[in-house]
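Number of protein chains: 2
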Amino acid sequence: MKRSLEHIEYKEDTEALAKFAKALGHPTRIAILKHLENQSCCFTGDLVNVFPLAQSTVSQHLKELKNAGLIKGELKPPKIKYCIHQENWNIAKSLFQKFFD
Amino acid sequence: MKRSLEHIEYKEDTEALAKFAKALGHPTRIAILKHLENQSCCFTGDLVNVFPLAQSTVSQHLKELKNAGLIKGELKPPKIKYCIHQENWNIAKSLFQKFFD
DNA sequence: AAATTCAATCGTACATTTGCGATAAGCAAT
DNA sequence: ATTGCTTATCGCAAATGTACGATTGAATTT
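Line by line, the protein sequences give chains A and B. Quick note: the first sequence uses full-length UniProt numbering, first residue 1, plus one each step. Quick note: the second sequence uses full-length UniProt numbering, first residue 1, plus one each step.
Calculated directly from the structure, the hints in this document are not laboratory data. Keep in mind that the hints are not guaranteed to be accurate.
Copies of the same chain are indistinguishable here, so a pair counts whether it falls within one copy or spans any two.
Calculated lysine to any residue pairs in the SDA-like style (CA-CA distance at most 20 angstroms, straight line) [to be verified]:
no., residue 1, residue 2
1, K22, I80
2, K34, T14
3, K93, D13
4, K98, N49
5, K22, F100
6, K98, L53
7, K11, V50
8, K34, E9
9, K34, K93
10, K93, E74
11, K98, H35
12, K19, F100
13, K11, P52
Taking the hints into account, I'd like the entire structure generated from these sequences.
Have a look at this one:
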């Protein structure tokens, strides 16, 4: 990409909202989050059975959700339990609320 | 991308939410929408002055917002007046509300 | 008809995303 | 130490996204 000379600076909220929205911008990730909301928590393996996707693909989506701060993983050897990251979830919620009035 | 043999089918709401979220997944587009909320409407040229981006780049972002249904353009020759697409905006709003509980 | 104005589209370049299979890494139990 | 289970990461391929300058298109005005 031929980038602008310097990174455009947006307001903090704008950047944060865009980051959350980007993480939500794929139906699989929406579905994963809906699943987590129902189940409260789940393991990667569970999701691999729910979606017709390779294990590595599911793992990547989880990684993105984690990077965005929407979920967090807790070690339950040999598994990893993923849950909604409630604090950040609330932040995202209020950002979207404010955005939509 | 080595795609799955067939497109994964998600629930309608899931697809719709992801589509809206994807459109919101860039800070420039968030900023454009915030601007539209304040101004109620504006022209492409206005935005080119607001953001340090080429006219063609702004136009592309507007196109994506239009494709997602979040804005609509009205011909005011020789300009085009862009506004929030209120009906779809409300749909998006309620989808996000429902999603975040 | 020609010129002007504004915005969309085209063509290009490079980055990022999405998806897969294969491999590695972490941990528990044997 | 080896095995087995689970998940992350790597390497690849293809698609999509972001940005630009240049060109085209639509519509009014001269």
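Each hint, compared with the structure:
1. For a Cα distance limit of 20 angstroms, the shortest separation of K22 from I80 qualifies neither inside one copy, at 24 angstroms, nor across copies, at 28 angstroms.
2. In the homo-oligomer, the alpha carbons of K34 and T14 lie at most 20 angstroms apart only across protomers (9 angstroms), although the nearest pairing inside one protomer, at 24 angstroms, exceeds that limit.
3. In this assembly of identical chains, K93 and D13 lie within 20 angstroms of each other by CA distance both inside one copy and across copies; the values are 12 angstroms within and 18 angstroms between.
4. Proximity of K98 to N49 under the C-alpha cut-off of 20 angstroms is found in neither arrangement, the shortest distances being 36 angstroms within a copy and 26 angstroms between copies.
5. For a Cα distance limit of 20 angstroms, the shortest separation of K22 from F100 qualifies both inside one copy, at 16 angstroms, and across copies, at 16 angstroms.
6. Within a single copy, K98 and L53 get their C-alpha atoms no closer than 35 angstroms, and across copies no closer than 26 angstroms, so neither meets the 20 angstroms cut-off.
7. Proximity of K11 to V50 under the C-alpha cut-off of 20 angstroms is restricted to the inter-copy arrangement: shortest distance 14 angstroms between copies versus 38 angstroms within a copy.
8. For the homomeric pair K34 and E9, the shortest alpha-carbon distance between copies (15 angstroms) is at most 20 angstroms, but the shortest distance inside one copy (32 angstroms) is not.
9. Both within a single protomer and between protomers do K34 and K93 lie at most 20 angstroms apart by alpha-carbon distance, with minima of 14 angstroms and 17 angstroms respectively.
10. For the identical chains of this complex, K93 and E74 are neighbours neither inside a copy (23 angstroms) nor across copies (32 angstroms), given an alpha-carbon limit of 20 angstroms.
11. Within a single copy, K98 and H35 get their C-alpha atoms only as close as 25 angstroms, which misses the 20 angstroms cut-off; across copies the closest is 14 angstroms, which meets it.
12. Proximity of K19 to F100 under the C-alpha cut-off of 20 angstroms is found in both arrangements, the shortest distances being 16 angstroms within a copy and 16 angstroms between copies.
13. When the C-alpha separation of K11 and P52 is checked against a cutoff of 20 angstroms, the pair qualifies only between copies, where the shortest distance is 15 angstroms, while the shortest distance within a copy is 39 angstroms.
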